[in-house]
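> Read top to bottom, the protein sequences are chains B and R. For what it's worth, the working numbering labels the leading residue of the first sequence as 1, then goes sequentially. For what it's worth, the working numbering labels the leading residue of the second sequence as 1, then goes sequentially.
Hints are not guaranteed to be accurate.
Some chain R residues judged to face chain B by a derived CB distance under 10 Å, without partners named [said to hold, decoys possible]:
#1 Gly19
#2 Lys261
#3 Gln270
#4 Leu475
These aren't lab readings, by the way, just hints derived from the structure by calculation. Since the model is a prediction, treat every value here as computed from it, not as a measurement. Glycine included, each C-beta is placed from N, C-alpha and C at the ideal position.
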Amino acid sequence: MELSSILLKIIDQLDGERTIYAGYHLLRGKRSGQTLQDVEYYGLKPYFHIIPNCSKEIYDEAVNKLCQAHLIYFAADSFAHTTEKGKMEAQAIAEPQFNGWNYRGRELLFFSRLSLIVQAASHLKAGEPSFMPIQKNVEVQSFVKEFARSYSLKDPVFASTLKEELLHCMEKSGMTEEQKFILIHRLSGYRLTGWTWDQLSEQLQYPVANVRLLYIESLHRILKVIEASKDMALLPKIAENIKVTSYLTESANKTKQLFEMGLPMTAIAGRRKLKMSTIEDHFVEMAINDQKFPLTQFVSEAEAQAVVDKVRQIGTKRLRILKDQFPALSYFQLRLILGARTGGERS
Amino acid sequence: MNLKAILQEKFGFEQFRPGQEAVIRDVLDGQDTIAILPTGMGKSLCYQFPAALMDGTTLIISPLVALMEDQVAIMKKNGEKRVAALNSFLSYQEKQQVLRNLPAYKFIFISPEMLVQKKIMQAFKRIQLSLIVIDEAHCISQWGFDFRPDYLRIGEVFHEHERPPILALTATANQKVVEDIHHYLKLSNPIIHRQSVDRPNISYSFVKVDREDEKLEWLKNHVKRTVGPGIIYVASRKKADEIASLLQMLDISIASYHAGKEQEDRAFIQEQFINGELQWICSTNAFGMGIHKDNIRQVIHAHIPQTMAGYIQEVGRAGRDGEQSAATLLFTPEDEGRTRFIMQEDLPTETEIRHYNHLLAENASPTEAAQLAGISETSMRIIEYYRERMVVDAVIQQINALIQEKETQLQKIIRFVHTRVCIRKEILAFFDERQQALQAVCCSNCHSLDDTWLAKTAEDSGKQALNWRERLALLL
Ligand SMILES: Nc1ncnc2c1ncn2[C@@H]1O[C@H](COP(=O)(O)OP(=O)(O)OP(=O)(O)O)[C@@H](O)[C@H]1O
Ligand SMILES: [Mg+2]
Ligand SMILES: [Zn+2]
Chain B
1 MELSSILLKI IDQLDGERTI YAGYHLLRGK RSGQTLQDVE YYGLKPYFHI IPNCSKEIYD
61 EAVNKLCQAH LIYFAADSFA HTTEKGKMEA QAIAEPQFNG WNYRGRELLF FSRLSLIVQA
121 ASHLKAGEPS FMPIQKNVEV QSFVKEFARS YSLKDPVFAS TLKEELLHCM EKSGMTEEQK
181 FILIHRLSGY RLTGWTWDQL SEQLQYPVAN VRLLYIESLH RILKVIEASK DMALLPKIAE
241 NIKVTSYLTE SANKTKQLFE MGLPMTAIAG RRKLKMSTIE DHFVEMAIND QKFPLTQFVS
301 EAEAQAVVDK VRQIGTKRLR ILKDQFPALS YFQLRLILGA RTGGERS
Chain R
1 MNLKAILQEK FGFEQFRPGQ EAVIRDVLDG QDTIAILPTG MGKSLCYQFP AALMDGTTLI
61 ISPLVALMED QVAIMKKNGE KRVAALNSFL SYQEKQQVLR NLPAYKFIFI SPEMLVQKKI
121 MQAFKRIQLS LIVIDEAHCI SQWGFDFRPD YLRIGEVFHE HERPPILALT ATANQKVVED
181 IHHYLKLSNP IIHRQSVDRP NISYSFVKVD REDEKLEWLK NHVKRTVGPG IIYVASRKKA
241 DEIASLLQML DISIASYHAG KEQEDRAFIQ EQFINGELQW ICSTNAFGMG IHKDNIRQVI
301 HAHIPQTMAG YIQEVGRAGR DGEQSAATLL FTPEDEGRTR FIMQEDLPTE TEIRHYNHLL
361 AENASPTEAA QLAGISETSM RIIEYYRERM VVDAVIQQIN ALIQEKETQL QKIIRFVHTR
421 VCIRKEILAF FDERQQALQA VCCSNCHSLD DTWLAKTAED SGKQALNWRE RLALLL
């Protein structure tokens with residue numbers, strides 16, 4: 001799994017309507033109005049926040065690779081397009097099973113919990129009750145402390161149940177053998193320490209970035225299996241509250257609360273000492289994420305429908321083009337309609 | 001009191017190491033004490049032992065968060081659960097939780113920055129403190145290699161007549177540094193215990209080569225045929241990565257370690273090294289403090305360290321088990337300039353200080369002003385400490401004196417690496433000591449150093465990739 005092929009898929013989906021850095025912000029999970037809208041409009045939720053620490057250098061390297069292979073090009077408007085060859089290639093790449101939108105980095109929290117629990121159980125099993133915790137994060141440590149109150153980690157049945165559940169989930173998730181190798185080698189236990197990214201990369205002969213992508217995808221796969229299952233005792237508990245429940249940024253959430261108290265937008269901006277454009281971004285975010293967003297407080301049903309029809313007919317969601325078609329609607333109104341009505345699949 | 005019986009019963013050690021018992025007796029007598037014991041000789045016992053016999057809480061001031069966390073984890077691992085750490089990495093809630101339960105803890109580790117906060121100080125006034133420990137006390141000295149401006153404020157926090165005894169611990173302090181510890185901590189007639197810095201089981205060699213790439217050749221050759229576990233110290237992160245990957249290609253079990261790596265990977269490397277799954281670490285000086293591994297056979301410096309004291313601390317990580325170990329310093333003539341650059345890089349120039357001062361006068365916060373003036377955070381705290389006490393011209397003088405002192409220190413180590421007399425003797429002289437006895441295996445300057453014992457007899461076991469099923473079965 002390579003960054004460049006994921007990027008090719010993203011660029012293909014953005015359909016020549018965004019600059020190259022839209023993909024960068026998407027992969028890093030930037031929570032700005034623009035990125036959040038793009039995620040929805042272009043059905044890019046799976047890729048959101050899957051490489052939070054992606055560096056410009058690594059990103060540019062992937063871009064250059066695609067350019068040199070004539071898979072993408074930049075048009076005069078500086079937007080990134082896929083070539084014919086690029087389109088075909090993008091279709092041919094197997095769909096990775098990312099689910100970034102739902103986890104946003106919290107998949108790592110899941111794995112940290114698992115890692116500390118495995119480390120503890122492994123030492124207890126070996127008759128060595130004390131060890132240096134590999135996870136220093138206090139949130140993780142207190143989760144595991146709490147967890148250990150409900151489950152007896154030193155019971156040999158605990159270790160074997162956890163092992164069985166892990167085996168079952170890895171099998172069922174459809175991840176590759178390599179991904180299983182990575183996951184299991186990131187765990188530590190008695191006299192068996194986890195491997196660093198460099199060491200995994202050396203062993204598998206892939207760049208570190210690819211190893212990490214494989215790792216993140218395998219976590220998303222495993223979490224999906226855990227969420228769907230009903231007959232496991234431990235892993236669902238360890239995955240508790242990992243899936244994001246509020247899709248709004250914290251700031252947008254505050255705006256939403258004031259809006260629900262009945263304050264008009266200008267009053268919210270005044271109260272929160274924020275620019276009107278920021279408040280508008282929050283509303284668009286709400287329109288995208290909140291199924292019950294009262295769109296018709298801002299536009300008529302007929303207007304909304306007309307915009308949706310137009311998008312289908314001309315096959316673009318570009319604001320400037322739509323604005324030409326609907327001069328009576330403001331950019332803000334258009335963004336609300338697009339957000340509430342034309343998002344990709346909602347999960 | 002039969003301290004030895006307590007040692008055996010409570011700590012499971014057969015006997016005291018040199019110096020420990022005397023220090024512990026003075027602390028129990030309520031004396032202010034300065035203890036200079038070589039690295040790894042068991043300074044922690046000097047407060048853990050008395051604390052076990054005293055009511056109330058022992059407060060330990062420790063310079064590095066990582067070090068603090070390691071110490072807390074080790075104590076917990078050894079069965080002492082009444083330990084807490086207070087540092088800036090805790091969340092507000094976590095901090096509150098510790099502060100609410102202060103009397104419940106027997107040991108509290110704290111960073112100096114935290115200690116000087118009013119609220120924290122008041123909280124400590126309400127509990128019974130039985131002992132105050134300043135770990136790595138050389139950090140208080142501006143002339144030390146590890147100067148931490150916040151250490152200077154510790155003395156102002158506690159008042160002579162209302163405080164329990166203070167125990168200052170360090171591995172490296174010459175006379176000047178001891179005087180600073182005494183003065184700034186406002187100790188009253190402290191008793192000073194000094195054990196020789198000499199580590200008889202460590203042999204020293206210097207290897208001078210002409211060019212940087214010859215260092216690499218030397219390392220390849222040497223590491224390939226000699227025993228680990230070992231640490232190779234280098235000057236930069238980039239070098240650490242570069243050397244580690246070159247040696248790895250020769251099938252040497254090695255990893256690089258520096259502050260640029262993510263936390264989990266650092267923990268893995270540290271653990272692998274301690275467990276013997278990894279033979280070598282190539283690292284910046286970020287690695288070492290708080291590492292408890294007894295059987296390190298070699299410490300190699302592939303650059304000229306900044307100060308003698310720093311060098312001795314790093315070398316002291318070898319051979320804690322008392323077995324023969326080797327310290328090697330590998331350098332080129334160009335290292336002097338490189339090391340100077342690194343040393344002075346983070347001290348501010350006169351122009352920067354004036355710019356900073358000017359920004360403050362225009363109501364910028366110290367952090368903002370430091371950022372705008374391009375001053376590092378440590379430098380900012382140094383400047384702030386002096387600014388509270390003197391006018392800006394005097395501050396500049398102070399900083400210039402610091403820069404000069406650094407240069408003096410560098411000159412000392414440069415002279416050291418070019419010495420033709422016994423290396424051990426030079427080290428002892430630096431710490432105002434005279435050599436007691438000659439070592440059989442001494443140094444590359446003494447007689448031709450016998451290092452046949454270093455030769456590797458078996459290949460490194462290294463990491464074996466297990467198939468994932470086997471590994472999972474071993475884990476759980
Ligand atoms: N009397 C003793 N007998 C045997 N082992 C001891 C004794 N005292 C301490 N130790 C062990 O020596 C090791 C080093 O101890 P400690 O960390 O206190 O050293 P230190 O002097 O603080 O080292 P550093 O200079 O790195 O801070 C520990 O593993 C400790 O358990
Ligand atoms: Mg110590
Ligand atoms: Zn000698």
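> Compare the structure with each hint and give your call.
Outcome of the hint check:
1. At its closest, the beta carbon of R:Gly19 sits 27 Å from a beta carbon of chain B; the interface hint therefore is violated under the 10 Å criterion.
2. For R:Lys261, the interface hint holds, the least distance from its beta-carbon to any beta-carbon of chain B being 8 Å, beneath 10 Å.
3. With 10 Å as the threshold, the beta carbon of R:Gln270 comes within range of chain B, its nearest partner Cβ sitting at about 8 Å, so the hint holds.
4. For R:Leu475, the interface hint holds, since its Cβ comes within 10 Å of a Cβ in chain B; the closest pair sits about 4 Å apart.
Consistency with the previously given hints fails for number 1 only.
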